[in-house]
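There are 2 protein chains.
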Amino acid sequence: MEVVAELSVCTYTKATTRLHSSQLSISSTHLSYLRRRAFRPITRPRDARITCSVTSDQVQAPIAVQAEGPKTKNDCYGVFCLTYDLKAEEETKAWKKTINISVSGAAGMISNHLLFKLASGEVFGPDQPIALKLLGSERSFQALEGVAMELEDSLFPLLREVKIGINPYEVFQDAEWALLIGAKPRGPGMERAGLLDINGQIFAEQGKALNAVASPNVKVIVVGNPCNTNALICLKNAPKIPAKNFHALTRLDENRAKCQLALKAGVFYDKVSNMTIWGNHSTTQVPDFLNARINGLPVKEVIKDHKWLEEEFTEKVQKRGGVLIQKWGRSSAASTAVSIADAMKSLVTPTPKGDWFSSGVYTTGNPYGIAEDLVFSMPCRSKPCLRKFKRILQGDGDYELVKDVIFDDYLLKRINKTEAELLAEKRCVAHLTGEGVAFCDLPEDTMLPGEM
Amino acid sequence: MEVVAELSVCTYTKATTRLHSSQLSISSTHLSYLRRRAFRPITRPRDARITCSVTSDQVQAPIAVQAEGPKTKNDCYGVFCLTYDLKAEEETKAWKKTINISVSGAAGMISNHLLFKLASGEVFGPDQPIALKLLGSERSFQALEGVAMELEDSLFPLLREVKIGINPYEVFQDAEWALLIGAKPRGPGMERAGLLDINGQIFAEQGKALNAVASPNVKVIVVGNPCNTNALICLKNAPKIPAKNFHALTRLDENRAKCQLALKAGVFYDKVSNMTIWGNHSTTQVPDFLNARINGLPVKEVIKDHKWLEEEFTEKVQKRGGVLIQKWGRSSAASTAVSIADAMKSLVTPTPKGDWFSSGVYTTGNPYGIAEDLVFSMPCRSKPCLRKFKRILQGDGDYELVKDVIFDDYLLKRINKTEAELLAEKRCVAHLTGEGVAFCDLPEDTMLPGEM
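Quick mapping for you: the protein sequence lines, in order, are chains P and L. Everything in the first sequence is counted per full-length UniProt numbering, starting at 1 for the first residue and increasing by one. Everything in the second sequence is counted per full-length UniProt numbering, starting at 1 for the first residue and increasing by one.
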């Protein structure tokens with residue numbers, strides 16, 4: 001791990017060795033804290049409990065304290081409506097402030113993998129409690145209940161709250177991470193422009209909701225396609241949130257590219273580093289074999305078959321999803337969820353020395369000469385910081401663009417093509433970004449095989 | 001954590017700080033070691049590679065060394081056929097011997113959750129490499145390839161080998177864990193006796209295969225239903241493997257029971273302990289509220305509604321799977337996978353002081369007076385041991401039955417009923433356990449709702 005000379009103190013986790021009353025009262029808008037505080041078991045810890053409308057038929061009448069009023073159906077789910085024992089928590093002195101994670105498309109298959117990974121502590125570590133706020137639709141509400149029931153039955157010690165709902169203004173409340181997975185699939189005969197418009201409206205609405213109710217420094221990862229332009233729409237509708245906090249997921253492409261290079265070179269995949277995906281999460285994307293390294297050496301020095309690199313490699317990365325659908329009969333939910341967890345971990349842990357990761361991020365101010373005001377996949381490094389009390393090096397959720405990359409004509413030509421596509425997509429959604437009348441001249445279908 | 005006075009050194013993991021040549025030659029039957037040894041990169045570490053028939057069209061011609069001969073298609077998959085860099089591994093000095101895990105029903109939804117949990121290090125920890133050997137059927141072989149591809153694309157650093165196949169004698173080779181998830185679902189109009197016979201034949205065959213090729217101390221967890229009797233059939237066909245190594249999964253029932261008690265008592269689920277599921281994984285199972293504890297107190301002292309405990313609690317636990325199917329439209333794959341991981345973790349980590357967990361295990365020698373020679377869910381504690389070099393307390397994969405449990409008439413009556421059912425199931429499969437002619441007099445359908 002690289003220890004950078006100038007370390008800031010993490011602004012993101014706000015780690016505390018214990019929860020003080022003063023801190024509780026500061027976050028006065030945070031319902032769960034109020035609830036915990038209200039029921040903080042001082043004299044009768046064992047009797048402290050709280051009723052919840054979802055389970056009111058099951059729970060004993062409260063003995064010590066009453067809930068602060070009737071809750072809406074979506075405020076909490078089942079066992080997660082119950083008091084978490086704050087006193088015992090304080091005794092461990094290790095718990096940190098709960099991280100609020102909102103997830104859209106929460107009843108879908110990608111989420112079904114991702115939520116259980118998050119709840120098990122895989123992303124934020126074994127001493128970091130989390131709350132999951134799940135956004136579904138009217139149609140998927142029962143399935144959301146099923147997901148919440150399975151989360152109950154899993155007894156994850158780190159999972160302190162689960163909330164389900166269909167209103168983003170409720171579900172995104174106080175979100176510190178928003179994982180926007182849900183999107184409408186493309187219907188039969190629908191053009192990419194039509195898909196951009198339908199999903200763009202969803203992401204415009206979700207951007208407004210994040211702007212209104214999420215944590216002002218919320219990190220947003222857009223997975224629903226077309227994810228780059230959806231992320232652009234989302235950030236344009238959330239002016240209070242820093243534009244650099246919005247990500248479009250290209251990590252699965254990066255992971256697949258690393259695996260294909262490993263296969264070709266005959267090395268295990270952990271030997272491949274510095275893999276950039278440039279541009280759009282579409283068939284114009286550019287897996288960059290010029291800057292990537294194998295065992296620390298430039299790929300072109302290790303893989304002598306340059307024809308394969310130029311003509312087959314990119315296609316192998318892009319066709320992976322389609323081949324998977326043929327083999328497996330479903331899209332790649334598990335590995336997509338892994339790549340979302342990877343993307344989050346990359347932001348909250350220090351990037352290994354000399355390496356980087358790819359993410360679709362806001363281009364304004366980029367050092368590569370890429371057109372500004374787009375969401376474009378580029379090489380990133382997390383910004384390390386020191387956790388205040390424990391002196392542990394970690395990422396703070398923020399990142400910086402990598403400067404020491406090289407370009408050749410071949411790479412630039414392909415970057416220009418994916419840039420042109422993203423500019424065209426942007427013109428298609430001008431009505432959703434507040435930039436006037438949309439004009440759509442997308443030349444071809446560039447959806448990745450196996451994705452909707 | 002309880003530190004027991006007499007600690008043995010772990011026999012299970014055989015942890016080593018590094019792999020010595022001498023150790024490699026000892027495990028001479030272990031193909032992967034031979035392969036690694038053969039390609040151990042001494043003078044030209046970067047060039048060492050190995051071809052694999054699956055990917056021979058993709059991989060460069062080998063430079064330094066040749067593979068030791070043509071491999072069968074099922075011997076390894078894709079990137080997992082490639083040399084793992086043993087030299088770098090030695091430099092870290094932290095890796096342990098790879099654990100071989102075989103999984104049947106590997107193309108199904110439960111496995112789709114479980115395999116990614118195992119590969120991420122959730123069960124065996126962040127410094128424990130694993131190998132996954134996946135058993136499917138002719139029909140599911142393509143889906144198995146899809147699973148292997150998604151595992152490739154996930155770049156799990158701990159996942160050193162993936163093998164797929166349809167022959168248990170190949171897939172169970174050297175298995176140290178066998179997770180038997182695959183089973184035939186019940187067809188329309190099929191009686192439980194018919195299901196017992198069809199699945200019993202599968203588990204008899206798999207028991208023979210384990211006996212022939214698995215590690216002699218393999219731990220076997222049977223998930224496919226009817227899991228208790230399947231586990232009994234399996235162990236009867238594997239006389240070389242200790243009978244106590246076979247488990248029938250009742251951990252999901254235990255987890256659900258804990259959650260329902262927490263809901264009723266109005267406490268978070270981490271306050272419920274000492275939860276036993278007695279008997280069969282069927283509707284005759286006995287979730288034991290007499291011995292269970294909430295905040296360290298007997299459940300009956302905390303939940304005063306004893307009528308609910310006697311008349312509703314068990315039903316709530318058992319109907320959970322059925323309700324989930326209604327809500328979610330699928331069976332509970334994610335929480336089942338969590339419970340399998342829980343069951344494994346319980347065996348390889350020390351059981352917290354005073355607590356226990358449930359598993360369907362062999363009854364011979366049990367202290368409760370339950371009929372011998374059955375697989376019956378009972379309260380277990382893992383056996384702690386010290387890891388040789390690192391002095392870390394862990395479970396060694398073995399367990400002992402808990403002695404300090406109490407019984408009352410109500411509990412005994414119900415235990416007798418589930419015992420009678422398991423004795424009847426055993427008579428149904430006498431032809432598969434080598435005990436003569438089967439005689440089937442199962443009185444009623446006791447499959448749990450939501451399970452096949």
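Just to be clear, a hint being listed does not mean it is correct.
[Unchecked claim] Listed below are the simulated DSS-like cross-link pairs for lysine-lysine, each with C-alpha atoms no more than 30 Å apart in a straight line:
#, chain 1, residue 1, chain 2, residue 2
1, P, 97, L, 96
2, P, 353, L, 96
3, L, 327, P, 327
4, P, 353, L, 97
5, P, 345, L, 353
6, P, 96, L, 345
[Stated by the list, open to error] Negatives, chain P to chain L, calculated, CB over 12 Å:
#, residue
7, 97
8, 128
9, 325
10, 439
11, 445
Because the hints were derived from the structure by calculation, they are not lab data. Cβ atoms here follow ideal geometry from the backbone N, Cα and C, with glycine treated the same way.
message: What's the verdict on residue 96 of chain P and residue 345 of chain L, does the C-alpha distance respect the 30 Å limit or exceed it?
response: 25 Å, holds
query: Is it true that the CA of residue 97 of chain P sits at most 30 Å from the CA of residue 96 of chain L?
result: With Cα atoms ~35 Å apart, residue 97 of chain P and residue 96 of chain L exceed 30 Å; violated.
message: Run the distance test for residue 327 of chain L versus residue 327 of chain P: straight-line Cα separation, threshold 30 Å.
response: 28 Å, holds
Residue 325 of chain P and chain L, when compared Cβ to Cβ, separated by more than 12 Å: Violated: least Cβ distance 8 Å, not greater than 12 Å.
12 Å Cβ clearance of residue 439 of chain P from chain L: Holds, because the least Cβ-Cβ distance between residue 439 of chain P and chain L comes to about 37 Å, which exceeds 12 Å.
query: Can we trust that residue 97 of chain P is non-interface, i.e. its beta-carbon lies farther than 12 Å from all of chain L?
result: Correct as stated: the minimum Cβ-Cβ distance to chain L is 17 Å, above 12 Å.
- request: Compute the least Cβ-Cβ separation between residue 128 of chain P and chain L, then decide whether it is above 12 Å.
  value: 15 Å, holds
query: Given the proposed pairing of residue 353 of chain P with residue 97 of chain L, does the C-alpha separation stay at or below 30 Å?
result: Distance of about 28 Å is within 30 Å: holds.
- request: With a cut-off of 30 Å on the C-alpha distance, tell me whether residue 345 of chain P and residue 353 of chain L pass.
  value: Roughly 33 Å separates the two Cα atoms, so the pair is violated.
field: Given pair status - residue 96 of chain L, residue 353 of chain P, alpha carbons within 30 Å
entry: 25 Å, holds
task: Grab the minimum beta-carbon distance between residue 445 of chain P and chain L and tell me whether it stays above 12 Å.
output: Consistent with the label, residue 445 of chain P stays out of reach of chain L, its closest Cβ about 24 Å off (over 12 Å).
Hints 1, 5 and 9 from the earlier list are contradicted by this structure; the remaining hints agree with it.
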